[in-house]
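Build the full structure now, drawing on both the sequences and the hints.
Protein chains: 2
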Amino acid sequence: MSRWANTLPDREEVLEMKRKAIIREAAKVFNRRGSHGATLDDVALRLGVSKAALYRYVQSKQDLLYACHEEAMEIARECMDKGEDEGRNGLEKIQIGMSGYLREMIGTMGVPVLILEENALTGTQADHIIALRDDFEKRMRRLVEEGISDGSILTLNPKLAMFMLLGAVHWVTKWYSPDGPWTAEDVAEALIEMATRGLAAHPSERLTAGIHN
Amino acid sequence: MSRWANTLPDREEVLEMKRKAIIREAAKVFNRRGSHGATLDDVALRLGVSKAALYRYVQSKQDLLYACHEEAMEIARECMDKGEDEGRNGLEKIQIGMSGYLREMIGTMGVPVLILEENALTGTQADHIIALRDDFEKRMRRLVEEGISDGSILTLNPKLAMFMLLGAVHWVTKWYSPDGPWTAEDVAEALIEMATRGLAAHPSERLTAGIHN
DNA sequence: CACACAAGTTACCGGATAGTCACTGAAGGG
DNA sequence: CCCTTCAGTGACTATCCGGTAACTTGTGTG
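Here the protein sequences come in this chain order: A and B.
Numbered as in the working numbering, the first sequence ends at 774 without a single skipped number.
Numbered as in the working numbering, the second sequence ends at 774 without a single skipped number.
Derived from the structure by calculation, the hints contain no laboratory data.
Computed from a predicted model, the values in this text were never measured in an experiment.
Treat the hints with caution; some may be incorrect.
Copies of one chain are not kept apart here, so a pair can be met inside one copy or by any two copies together.
The list that follows gives simulated cross-link-like pairs (lysine to any residue, SDA-like), each with its CA atoms no further than 20 Å apart [to be verified]: (1) K589 - I676; (2) K581 - D711; (3) K720 - A687; (4) K720 - W743; (5) K589 - A605; (6) K579 - K643.
Below, the structure is given as structure tokens:
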């Protein structure tokens, strides 16, 4: 019989929690040192275990890198879903989606990996991540096009606008520190407000986010 | 006596040209593969020489990486000079400076290294590059503040605005290809117009850059 | 032609690090 | 109390790549 009313994680769950912990810690190291510069010894050290222990949870360094990218893309997908669901026009959908994405990336996940270096992944793993990324970018571009159609965004090149927003968001992982004065929420709100204002058909006359005042 | 009216480069000049060629090619490889993932064999191969040949022109891989960053920062400095010189207010200074910077980065230099990974450089070399980068960022932030004072930019957080613009610009090196349909000039003009519109106190009602129409 | 010297090559060394393997210690069941 | 299982360790191997050294080729000069 199960004791403690099944509130304690069983073996399977503990295994999965440890795997998640490895992925998150690895993501930070990959992000800061680059995928080749990051060492498994370093990841292991931060988790207080030996490198060999990691191999009970991941098959290889590549497998780990792949898992990091998959998680990041999964978060991106969910945020896009939310944006498409809740936004009332193209611009709003983008704002909701991107600010959620940014918040998750620098908040919950704590500055994860985002930049896919050439040759860091190979074969079907590389193909899969690139396909996910392309989907994400295509979806975002569609939202820009939608915004142009519905009049919330002014006439501009959707692909370029998509890349501009993506750059502004992704770059945050290069300078943001959770120990600084700004929370993830603060940054996400203020940055997205400012960046999307450049696309808006009718830009607000002032910025409302807390950071700006 | 000198023949060909001194139009031929002498030994010193050839040496310097080769060194520059190495730096540019290395910058691309560093940018795409990360500083640890890039191999000197790869750089040498692209230049059609052997790895050992590189060592006549650079002392070490670190030395080469350092030179890449120094060149990038030197270009940034010059573009900021030009912006401060020619712009009539804070916003214009930023627009001129940043579009020049972007044009140089993806045009002349052909997508160079921009992202400084943790521990990629060490000691005084790291200190120097970080100091140059901090100067650059501080200068940009000052221009945002100037824009707010002179009324060309609306009230916002200068540091965040600076990071937003920097992200939009730096991210270009991740997707831009000189072989694509857009020239470096096209991209620089259109991207800066869009990104800085988010800061403008009086945003234009339409975008004029060629790409957008 | 002989010489000097610069440019570049091939072959190698050594250090760092991904990945493996035999072992240890702890926990649970009979 | 032993036996099994499994998380984790330390020591090892293999490989990749930065860096070096001895050698070769090419070029300008007297």
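Practice item. Just pull the numbers of the violated hints for me, sorted ascending. Key: 2, 3, 6
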